[in-house]
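According to the working numbering, the sequence shown is numbered sequentially starting from 927.
Hints were generated in silico from the structure; no laboratory data involved.
Keep in mind that a hint or two might mislead.
Claimed, not checked - With beta-carbon atoms standing in for the labels, derived distance ranges:
no., residue 1, residue 2, range
1, 1013, 978, 16 to 24 Å
2, 977, 1006, 15 to 23 Å
3, 973, 1027, 15 to 23 Å
4, 951, 1002, 36 to 44 Å
5, 998, 972, 32 to 40 Å
6, 976, 1008, 16 to 24 Å
7, 1050, 1023, 20 to 28 Å
8, 1051, 997, 34 to 42 Å
9, 988, 1053, 29 to 37 Å
10, 1016, 972, 13 to 21 Å
11, 1016, 985, 15 to 23 Å
12, 978, 1014, 15 to 23 Å
Unchecked claim - The calculated DSS-like cross-link candidates involving lysine-lysine, where the alpha carbons are at most 25 Å apart (straight line), are:
no., residue 1, residue 2
13, 969, 996
14, 969, 1050
15, 969, 948
16, 948, 1050
17, 948, 997
18, 997, 969
19, 1029, 1010
20, 1010, 969
For every residue, glycine included, the Cβ atom is placed at its ideal position computed from N, Cα and C.
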Amino acid sequence: MKMLHQNIFPYKNRMLSMEKVKTEAEDRRSPLQLAMITLANLKVGESLEFPAGILTVEGSSSDGIRFLLKKNDGTSVPLSVEAKNLSESHITASLSSIISDLKGDYSSELSELIERDPAVFRLKSNEGWVINDALCLMTGNIRYQKMSSTELRLTQSKATPAQAGFDFY
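Start from the sequences, fold in the hints, and give me the full structure.
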């Protein structure tokens, strides 16, 4: 882990009018809230993989975000999400569903996009993420190293210190 920034509120990294949004306590583990924050952090040229195809960002501002969906059948469809309708967007709902299915798979490319936000932290229980604006303001942004499949397996299993390579006897 390494600290990247301090005193970053309002969130300069977020678009879609999410710069000053703080997450309520009851929504801190909400996949919908994580999806909205992830979409707000996307930059031009970045992509998300959905069952229907690959969604690539073509433009982003505080008012909305423009995408190009390259479907699995080879066709392309332009899509957009407006900031005022972010929580009701079909794209947000689909991303929310994918996030809830991850269940702490920190090795996926989507995990890297989720963790880009300074208010998103991994849960100690390896069951996903928590959004904590207060912790973010105290600690700054912590960037996690991408986990290999071996490291992920070790952290999610009940390994003894010797099995994990830490035998201090």
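Status of the hints after comparison with the structure:
At about 21 Å, the CB distance of residue 1013 to residue 978 agrees with the hint of 16 to 24 Å. Taking the beta carbon of each, residue 977 and residue 1006 are about 20 Å apart, inside 15 to 23 Å as hinted. In this structure, residue 973 and residue 1027 meet the distance hint of 15 to 23 Å, their C-beta atoms being roughly 18 Å apart. At roughly 41 Å, the beta carbons of residue 951 and residue 1002 sit within the given window of 36 to 44 Å.
Between residue 998 and residue 972 the C-beta distance comes to about 19 Å, which lies outside the given range of 32 to 40 Å. The supplied range of 16 to 24 Å is met by residue 976 and residue 1008, whose beta-carbon atoms lie about 19 Å from each other. One distance hint, 20 to 28 Å for the beta-carbon pair residue 1050 and residue 1023, holds here, with the actual separation near 24 Å. At roughly 37 Å, the beta carbons of residue 1051 and residue 997 sit within the given window of 34 to 42 Å.
Separation of residue 988 from residue 1053 is about 32 Å and conforms to the stated range, judged on CB atoms against 29 to 37 Å. For the pair residue 1016 and residue 972, the beta carbons lie near 19 Å from each other, so the given range of 13 to 21 Å is met. One distance hint, 15 to 23 Å for the beta-carbon pair residue 1016 and residue 985, holds here, with the actual separation near 19 Å. As the Cβ distance of residue 978 to residue 1014 is approximately 19 Å, the hint placing it in 15 to 23 Å holds.
Among the hinted pairs, residue 969 with residue 996 is consistent with the structure: their alpha-carbon atoms are about 17 Å apart, no more than 25 Å. A distance of roughly 29 Å separates the Cα atoms of residue 969 and residue 1050; the hinted pair therefore is violated under the 25 Å criterion. Note on residue 969 and residue 948: the hinted pairing holds, with a Cα-Cα distance of about 21 Å set against a maximum of 25 Å. Annotation: proposed proximity of residue 948 to residue 1050 holds, straight-line Cα distance about 22 Å (limit 25 Å).
A C-alpha spacing of about 34 Å is found between residue 948 and residue 997, which places the hinted pair above 25 Å, so the restraint is violated. Between the alpha carbons of residue 997 and residue 969 the distance comes to roughly 20 Å, so the proposed pair stays at or under 25 Å and holds. Restraint check: the Cα-Cα separation between residue 1029 and residue 1010 comes to about 28 Å, which exceeds 25 Å; the hinted pair is violated. Proximity of residue 1010 to residue 969 is assessed by CA-CA distance (about 19 Å); at most 25 Å being required, the pair is judged to hold.
Comparing the model with each numbered hint stated earlier shows that hints 5, 14, 17, 19 do not hold.
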